Amino acid sequence: MNCIGEPISWLRLERFALGGGDVAIRDHVATCAACRHCLDEIERDVVALPPLVVPAKRRRWWKLALPIAGALAAAAVLLLVLRPRPHQEGFASVKGLGEVQLDVVRERGGVIREDVRTFAPGDRFKVIVTCPPARPVWLDVAVVEAGARSADYPLAPTRIVCGNRIVVPGAFTVTGDKPNRVCARFAIAGEPARLLPAATDACITLRPDQ
Amino acid sequence: MEPASDPQTAYRAYGPALVRKAERLLRSREDAIDVVHALFADLIPRWSKDVDLPYLYRAVTNRCLNVVRDRGTRARLLEREQQAAAPVGRVRLDEHIVGVGLIAALADRLDEGHLEVLVARFVDDMTQDEIAEQLGVSRKTVGRRLERIRDEVIALRAEAAG
Chain A
1 MNCIGEPISW
11 LRLERFALGG
21 GDVAIRDHVA
31 TCAACRHCLD
41 EIERDVVALP
51 PLVVPAKRRR
61 WWKLALPIAG
71 ALAAAAVLLL
81 VLRPRPHQEG
91 FASVKGLGEV
101 QLDVVRERGG
111 VIREDVRTFA
121 PGDRFKVIVT
131 CPPARPVWLD
141 VAVVEAGARS
151 ADYPLAPTRI
161 VCGNRIVVPG
171 AFTVTGDKPN
181 RVCARFAIAG
191 EPARLLPAAT
201 DACITLRPDQ
Chain B
211 MEPASDPQTA
221 YRAYGPALVR
231 KAERLLRSRE
241 DAIDVVHALF
251 ADLIPRWSKD
261 VDLPYLYRAV
271 TNRCLNVVRD
281 RGTRARLLER
291 EQQAAAPVGR
301 VRLDEHIVGV
311 GLIAALADRL
321 DEGHLEVLVA
331 RFVDDMTQDE
341 IAEQLGVSRK
351 TVGRRLERIR
361 DEVIALRAEA
371 AG
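Those sequence lines, one after another, are chains A and B. The first sequence runs 1 to 210 under our numbering. The second sequence runs 211 to 372 under our numbering.
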């Protein structure tokens, strides 16, 4: 059995059988026995296909890892920014002012040293502070002996203009055989209250010479 | 005809057509079903919305050609072809129906592009225009490939006769 003209391809016949509605094919198979036979074959045929198992979509590991890595990175940054900083000797953060630093200079027998944290009878200490420049602030210095429930205030509260290594007027001595905490309390509005030193004060420890 | 949105839908809609196509080449429904099922199983992880019947038709051609090229299965295919009823021949190559035997012989002489044209023209009965559209080549290229196929067939017959 031969086609009367150009045979309709199997692909076009299959598409027609699937509901393609091609008028040219309909007209052709109406007159061509060979192609009609092929179309009949397609329409009569029953194919028993085995089931196609489509596995459930698994997220690729990197698709899962990316958001997790992002979240971890964000958490790390937050921790870095928000973590409570360990109190560093001599430094404090004062609300409304910023980071401040306390240091002392010791004068012993006419020798002045900045790098010491020990005392002996007769030593004189001067307080040096560093705070954000060009801010006038009030400053008070407290000295607390280890174990004491009250502080000494060897210097009068003073008003300074902030800057690098500002020398606070006056000097004081430290006595006894226990360590002493020397703290600087800053205040913007007026003289700071004379309370026991707190975490917001910048403090250093002076230890007696061995 | 719209491409199928997912492998299951395409398998149900186009699977039978693809099995019939593979069966014309392989002369075995069982092997044809295996080819089509394996094709869909492979396509699942990289399924694209652009997959339509012509694309799958071409994919089945390539899979069947791989089976024919395999020398282990070729003998079985040739034996099966001799036992099977003659296919309905509509497009012939020099008055001969193109079967597995000829495709297998030409598979050793022609590249993939020529074999695709061979199957499209003499197994799927496509016109040269359809082949050009299906393969994404010019009609002139299709014509050139058909000429080459004819030359190879003539050479094969001359070798067989001599």
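Worth flagging that the hints you see were computed from the coordinates, not collected in a lab. Predicted model, so just to flag it, every value in this text is computed and none were measured. Misleading hints may appear alongside valid ones.
With the Cβ distance kept under 10 angstroms, some of the chain B side facing chain A (calculated, not the full set) [claimed, not checked]: (1) ARG222; (2) TYR224; (3) VAL246; (4) PRO255; (5) TRP257; (6) ASP260; (7) PRO264; (8) VAL301; (9) ASP335; (10) MET336; (11) ALA371.
Which chain B residues stay away from chain A? Per the calculated CB distances, all over 10 angstroms, these [to be verified]: (12) GLN218; (13) ALA223; (14) LYS231; (15) ARG234; (16) SER238; (17) ARG239; (18) ALA269; (19) GLY282; (20) GLU289; (21) THR337; (22) GLU340; (23) VAL347; (24) ARG360; (25) GLY372.
Just so you know, even glycine gets a beta-carbon here, dropped at the ideal spot from N, CA and C.
So, going through the hints one by one against the coordinates:
no., hint, result
1, ARG222, "holds, 8 angstroms"
2, TYR224, "holds, 8 angstroms"
3, VAL246, "holds, 8 angstroms"
4, PRO255, "holds, 8 angstroms"
5, TRP257, "holds, 9 angstroms"
6, ASP260, "violated, 17 angstroms"
7, PRO264, "holds, 7 angstroms"
8, VAL301, "holds, 6 angstroms"
9, ASP335, "holds, 5 angstroms"
10, MET336, "holds, 4 angstroms"
11, ALA371, "violated, 27 angstroms"
12, GLN218, "violated, 6 angstroms"
13, ALA223, "violated, 7 angstroms"
14, LYS231, "violated, 6 angstroms"
15, ARG234, "violated, 7 angstroms"
16, SER238, "holds, 13 angstroms"
17, ARG239, "violated, 8 angstroms"
18, ALA269, "holds, 13 angstroms"
19, GLY282, "holds, 23 angstroms"
20, GLU289, "holds, 24 angstroms"
21, THR337, "violated, 6 angstroms"
22, GLU340, "violated, 6 angstroms"
23, VAL347, "holds, 17 angstroms"
24, ARG360, "holds, 19 angstroms"
25, GLY372, "holds, 32 angstroms"
Against the hints set out earlier in the document, violations occur for numbers 6, 11, 12, 13, 14, 15, 17, 21, 22.
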